[in-house]
Amino acid sequence: MKYPSWGLYPTVQNEQVCDISKDVFKKSISSFLPRGNGLSYGDICLNDGGTLGLTRFMDHFIGFDRENGVLECEAGLSFDQILKFIVPHGWFLPVLPGTKYVTLGGAIANDVHGKNHHLRGTIGCHILSLKILRSDGQILACSKSENTNLFSATVAGMGLTGLILSAKVKLSPIASSYIDQEQIVFRSMQEFLDLSKESAEAFEYTAAWVDSMSGNTQRGIFIRGNHSTIKKDLAPHSDGGKFRVPLYCPNWLLNSYSVRAFNFAYFHKNIFNNMKSCAHYDPFITPLDNVLNWNKIYGRRGFLQYQFVVPLTDSGIEATNEIFRIFKKYQLGSFLSVLKVFGNIVSPGMMSFPMPGLTVALDIPFLGDQMFAAMKVMDQVVSQAGGRIYPAKDARMSTEGFQSFFSKLDEFRTYVDPLFSSNFRRRVGI
Amino acid sequence: MNVFICGATSTIAIHVARLYAMKKSKLFLVGRKQEKLDAIQKDLLVRGADKVSIFCMDLVDKSKIPELLDLVQKEMSFIDVMLVAQGELGDQKVDESNLDRFAQILENNFVSPGLLLTAFAPLFEKQQGGSLAAITSVAADRGRQSNYHYGSAKAGLSAFLSGLRNRMHAHHVQVTELKLGFVDTAMTTQFKKGFMWAKPESIAKKTVSAIQKKRNTVYLPWFWRWIMLIIKSIPECIFKRMRL
Numbered sequence: 001m002k003y004p005s006w007g008l009y010p011t012v013q014n015e016q017v018c019d020i021s022k023d024v025f026k027k028s029i030s031s032f033l034p035r036g037n038g039l040s041y042g043d044i045c046l047n048d049g050g051t052l053g054l055t056r057f058m059d060h061f062i063g064f065d066r067e068n069g070v071l072e073c074e075a076g077l078s079f080d081q082i083l084k085f086i087v088p089h090g091w092f093l094p095v096l097p098g099t100k101y102v103t104l105g106g107a108i109a110n111d112v113h114g115k116n117h118h119l120r121g122t123i124g125c126h127i128l129s130l131k132i133l134r135s136d137g138q139i140l141a142c143s144k145s146e147n148t149n150l151f152s153a154t155v156a157g158m159g160l161t162g163l164i165l166s167a168k169v170k171l172s173p174i175a176s177s178y179i180d181q182e183q184i185v186f187r188s189m190q191e192f193l194d195l196s197k198e199s200a201e202a203f204e205y206t207a208a209w210v211d212s213m214s215g216n217t218q219r220g221i222f223i224r225g226n227h228s229t230i231k232k233d234l235a236p237h238s239d240g241g242k243f244r245v246p247l248y249c250p251n252w253l254l255n256s257y258s259v260r261a262f263n264f265a266y267f268h269k270n271i272f273n274n275m276k277s278c279a280h281y282d283p284f285i286t287p288l289d290n291v292l293n294w295n296k297i298y299g300r301r302g303f304l305q306y307q308f309v310v311p312l313t314d315s316g317i318e319a320t321n322e323i324f325r326i327f328k329k330y331q332l333g334s335f336l337s338v339l340k341v342f343g344n345i346v347s348p349g350m351m352s353f354p355m356p357g358l359t360v361a362l363d364i365p366f367l368g369d370q371m372f373a374a375m376k377v378m379d380q381v382v383s384q385a386g387g388r389i390y391p392a393k394d395a396r397m398s399t400e401g402f403q404s405f406f407s408k409l410d411e412f413r414t415y416v417d418p419l420f421s422s423n424f425r426r427r428v429g430i
Numbered sequence: 001m002n003v004f005i006c007g008a009t010s011t012i013a014i015h016v017a018r019l020y021a022m023k024k025s026k027l028f029l030v031g032r033k034q035e036k037l038d039a040i041q042k043d044l045l046v047r048g049a050d051k052v053s054i055f056c057m058d059l060v061d062k063s064k065i066p067e068l069l070d071l072v073q074k075e076m077s078f079i080d081v082m083l084v085a086q087g088e089l090g091d092q093k094v095d096e097s098n099l100d101r102f103a104q105i106l107e108n109n110f111v112s113p114g115l116l117l118t119a120f121a122p123l124f125e126k127q128q129g130g131s132l133a134a135i136t137s138v139a140a141d142r143g144r145q146s147n148y149h150y151g152s153a154k155a156g157l158s159a160f161l162s163g164l165r166n167r168m169h170a171h172h173v174q175v176t177e178l179k180l181g182f183v184d185t186a187m188t189t190q191f192k193k194g195f196m197w198a199k200p201e202s203i204a205k206k207t208v209s210a211i212q213k214k215r216n217t218v219y220l221p222w223f224w225r226w227i228m229l230i231i232k233s234i235p236e237c238i239f240k241r242m243r244l
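Listed in order, the protein sequences are those of chains D and F. Counting in the working numbering, the first sequence runs from 1 upward without gaps. Counting in the working numbering, the second sequence runs from 1 upward without gaps.
Worth flagging that the hints you see were computed from the coordinates, not collected in a lab. For each residue, glycine too, the CB sits at the ideal point set by N, CA and C. Treat the hints with care, since some could be wrong.
Residues from chain F shown here face chain D by an in silico Cβ test under 7 Å; the list is partial [stated by the list, open to error]:
#1 Ala39
#2 Lys42
#3 Asp43
#4 Ala186
#5 Thr189
Derived Cβ-Cβ restraints for the label pairs, each shown as a range [to be verified]:
#6 F:Ser63 <-> D:Lys231: 57 to 65 Å
#7 D:Ser238 <-> F:Ser63: 45 to 53 Å
#8 F:Trp226 <-> D:Trp252: 33 to 41 Å
#9 F:Lys193 <-> D:Gly49: 18 to 26 Å
#10 F:Gly194 <-> D:Gly49: 45 to 53 Å
#11 F:Leu229 <-> D:Ala265: 45 to 53 Å
Build the full structure now, drawing on both the sequences and the hints.
And the structure:
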């Protein structure tokens with residue numbers, strides 16, 4: 001596959017690609033999907049049998065108000081390219097997901113969130129306006145005050161409401177590109193929740209790595225940080241010195257035993273460390289970007305990611321514990337499990353994933369049918385607890401599941417452009 | 001710095017222009033598509049360019065060249081760098097017997113750059129300094145059955161640049177030839193990319209560096225020099241049987 005998704009699953013057989021141009025819709029295409037850097041995990045960025053419109057040449061800056069931190073640029077620019085430009089001027093992206101290589105268009109289409117959701121919400125909360133190209137040739141400006149419904153459908157719109165040409169983003173001021181960070185070990189869900197609560201107001205960034213294989217209690221490492229007040233340096237990140245996974249690792253490399261061993265070693269390496277240190281935003285916010293093509297560690301079969309959110313109630317916490325129990329029962333080995341408490345800031349996106357509550361993201365190496373069976377059970381647990389699953393990470397949730405998770409689906413459908421489609425859209429029946 | 005770029009809407013030219021913009025250069029851009037030039041102009045100004053002038057013209061239209069000469073001289077009393085970046089790969093498989101398409105490939109890849117360099121050469125002679133640069137291709141090194149239309153046009157440009165370098169040496173003007181291998185640009189979207197494919201950002205960096213170091217001919221990336229050395233040394237009686 002020339003243009004897979006990040007999870008390398010599912011595979012597609014037949015995909016046309018083209019670069020975006022003004023007359024891209026005049027060519028005869030059966031269906032169209034804009035494609036940024038393809039960092040979504042499942043099939044939301046795939047369009048088997050249709051056309052992918054590559055946004056890579058839509059990478060122009062349009063305007064930059066240096067005083068007020070308002071950046072207008074084309075949607076094909078990646079966060080990596082934007083940060084290199086804005087950081088030396090003392091500005092930062094208000095929301096950064098786990099990788100800098102997402103494009104602005106992709107970030108808006110998935111309404112990405114980051115380690116600071118509890119204070120800043122999703123990226124959609126910081127988009128002042130958008131310009132969208134529909135398949136009938138119309139270019140529509142939309143914002144919270146103009147074409148508001150289309151704006152609300154496009155933020156978290158999965159690329160289905162039209163091609164996002166450009167956006168205006170309100171940036172966050174920073175005095176330093178370094179983060180004063182702390183790592184604290186926790187040994188139970190309750191300890192994690194207490195740490196989250198205690199850190200919510202005083203820390204810009206909080207998240208936790210959790211050992212999903214550790215049985216009845218969740219142990220892990222809680223990370224929190226703020227832009228440094230000590231090291232006042234506005235150096236952006238650099239490209240050099242990264243490790244690149246050169247080839248697909250053998251499929252047997254990651255299994256429930258090797259992952260358990262890794263998790264044990266990683267946790268115990270940090271066990272005596274309630275560490276405080278100062279690190280650049282690059283390894284703090286996006287550590288995985290330092291291992292390029294890390295998805296290849298999972299082998300050619302790829303992997304799945306399961307991210308859900310449940311309300312922060314007793315039943316939500318119990319649901320989370322139940323999901324970890326299912327994990328262990330089915331021997332699914334996830335060594336990149338992230339835990340975070342979302343805040344209350346509401347996104348303008350009608351299909352936006354975050355809700356106030358607890359979110360967990362689990363990477364699952366491809367193990368076959370037991371994996372799909374486990375995830376079906378997990379879906380029910382999430383649904384009963386009043387939660388939902390993140391489309392940007394999904395490759396297998398059922399139509400019924402999806403339709404139960406997103407109450408505004410019917411309204412969203414009215415804004416979907418008739419020419420735009422994706423594997424995800426067809427699979428879940430949008 | 002004053003930088004003049006022809007074929008400014010091509011992927012590599014855009015990235016080269018961005019590097020010069022970050023150095024607060026003054027830029028003059030020529031291309032065929034007004035809308036693209038407008039977008040590039042805004043982008044370069046945001047990135048730090050001192051001033052960006054644009055001129056929209058068909059680069060094979062000789063009649064517009066006097067006007068272009070005039071405008072560039074008005075904007076820049078001294079041109080530090082002139083980069084000629086236009087080109088068209090075409091698809092020889094489809095157009096092998098198409099006489100019009102063959103003529104266009106020659107025009108876009110050889111005639112057009114040649115006309116512009118011919119028109120601006122006297123200006124550089126008068127300046128007694130500055131750098132001329134043009135993009136050719138490793139395909140110029142030897143014609144092969146799958147793309148000799150493109151390859152021969154670039155080969156023509158390569159010989160032209162060599163002669164121009166010879167003429168310009170006495171006038172302290174450098175002529176740099178940038179021989180590109182596989183680069184991931186708008187021209188090569190449909191090709192499957194492998195490890196030999198270079199990114200336009202890195203090619204742009206090396207282009208700016210080669211011009212600054214006053215290199216004569218550079219292969220970008222470097223390993224193409226050795227690949228083409230091998231290709232060139234295959235005896236013709238063997239090469240003509242190959243299907244490269």
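Hint by hint, here is what the structure shows:
1. Ala39: Since chain D brings a Cβ to about 5 Å from Ala39 (chain F), closer than 7 Å, the hint holds.
2. Lys42: Interface hint status for Lys42 (chain F): holds (5 Å vs cutoff 7 Å).
3. Asp43: Given a least distance of 4 Å, the restraint on Asp43 (chain F) holds.
4. Ala186: holds, 6 Å
5. Thr189: holds, 5 Å
6. F:Ser63 <-> D:Lys231: 57 to 65 Å: holds, 60 Å
7. D:Ser238 <-> F:Ser63: 45 to 53 Å: Once the Cβ atoms are compared, 48 Å apart, the range 45 to 53 Å for Ser63 (chain F) and Ser238 (chain D) holds.
8. F:Trp226 <-> D:Trp252: 33 to 41 Å: holds, 39 Å
9. F:Lys193 <-> D:Gly49: 18 to 26 Å: For Gly49 (chain D) against Lys193 (chain F), whose Cβ atoms are near 22 Å apart, the range 18 to 26 Å holds.
10. F:Gly194 <-> D:Gly49: 45 to 53 Å: Once the Cβ atoms are compared, 25 Å apart, the range 45 to 53 Å for Gly49 (chain D) and Gly194 (chain F) is violated.
11. F:Leu229 <-> D:Ala265: 45 to 53 Å: holds, 49 Å
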